[in-house]
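**Q** Make the full structure from the sequences, and use the hints.
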Amino acid sequence: NAGVMQNPRHLVRRRGQEARLRCSPMKGHSHVYWYRQLPEEGLKFMVYLQKENIIDESGMPKERFSAEFPKEGPSILRIQQVVRGDSAAYFCASSFPGATNEKLFFGSGTQLSVL
Amino acid sequence: DAKTTQPPSMDCAEGRAANLPCNHSTISGNEYVYWYRQIHSQGPQYIIHGLKNNETNEMASLIITEDRKSSTLILPHATLRDTAVYYCIVRVGGAGGTSYGKLTFGQGTILTVHP
Chain A
1 NAGVMQNPRH LVRRRGQEAR LRCSPMKGHS HVYWYRQLPE EGLKFMVYLQ
51 KENIIDESGM PKERFSAEFP KEGPSILRIQ QVVRGDSAAY FCASSFPGAT
101 NEKLFFGSGT QLSVL
Chain B
1 DAKTTQPPSM DCAEGRAANL PCNHSTISGN EYVYWYRQIH SQGPQYIIHG
51 LKNNETNEMA SLIITEDRKS STLILPHATL RDTAVYYCIV RVGGAGGTSY
101 GKLTFGQGTI LTVHP
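Note that the protein sequences, when read in sequence, are chains A and B.
Numbers 1 to 115, taken from the working numbering, label the letters of the first sequence in order.
Numbers 1 to 115, taken from the working numbering, label the letters of the second sequence in order.
Calculated directly from the structure, the hints in this document are not laboratory data.
Be aware that one or more of the hints could be misleading.
According to the in silico footprint, chain A covers these stretches of chain B (three or more CB under 8 Å from chain A) [claimed, not checked]: (1) 40 to 54; (2) 64 to 74.
List time: in silico DSSO-like cross-link candidates among lysine-lysine, alpha-carbon distance up to 30 Å [claimed, not checked]: (3) B:69 / A:103; (4) A:103 / A:44; (5) A:71 / A:51; (6) A:103 / B:3; (7) A:44 / B:69; (8) B:3 / A:62; (9) A:44 / B:52; (10) A:103 / B:52; (11) B:52 / A:62; (12) B:3 / B:52; (13) B:3 / B:69.
Even glycine gets a Cβ: it sits at the ideal position worked out from N, Cα and C.
**A** Pasting the structure below:
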């Protein structure tokens with residue numbers, strides 16, 4: 001049973017380019033979460049999605065960031081016009097719907113570097 | 001979710017028990033204690049969680065005080081691979097709760113296991 005898969009593992013972009021980060025949840029999981037970890041800082045919640053729905057995006061920056069989790073395919077975190085401050089590790093997590101005590105299973109992350 | 005307090009760092013000798021404390025004096029009756037860890041450059045990994053009874057699984061034991069204001073994570077026989085940042089998180093349990101998988105990570109405890 002494959003775990004949460006994130007790709008790419010490392011992504012390098014120049015300022016002004018777009019970054020697309022992909023996350024495939026564990027089999028049977030329909031809840032996806034994105035977290036960001038800035039250098040030397042803790043993990044911060046960004047967004048919570050279920051299939052075709054954004055449930056909570058309270059941690060998403062107001063501009064340039066968007067997320068989706070389509071009916072088919074992986075969840076995508078999209079960052080438009082990247083800036084150096086977007087350089088961070090981005091982690092995706094998934095969970096099983098309806099679990100009494102929801103445990104999150106995290107992927108290995110995508111390390112985004114903006115030049 | 002209740003705030004937690006953890007020591008910034010701890011050391012442990014390989015093969016010995018590692019006891020990681022966590023204070024959560026403002027915990028509410030419906031809040032659970034969760035422990036995750038993050039090994040360098042990897043995504044967080046769920047370890048264990050509990051409400052008020054002590055819990056044990058293949059990874060660790062969780063001891064929660066009777067008043068629930070503090071808890072201790074015990075790694076019975078620490079190995080070098082247990083070197084990581086350990087996060088104690090308190091959150092409302094139960095599916096559909098407002099906090100679902102939105103975890104608030106603090107600074108955690110950096111556990112270093114040495115030979």
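**Q** Starting from the hint list further up, note which numbers the structure goes against and sort them upward.
**A** 2, 11
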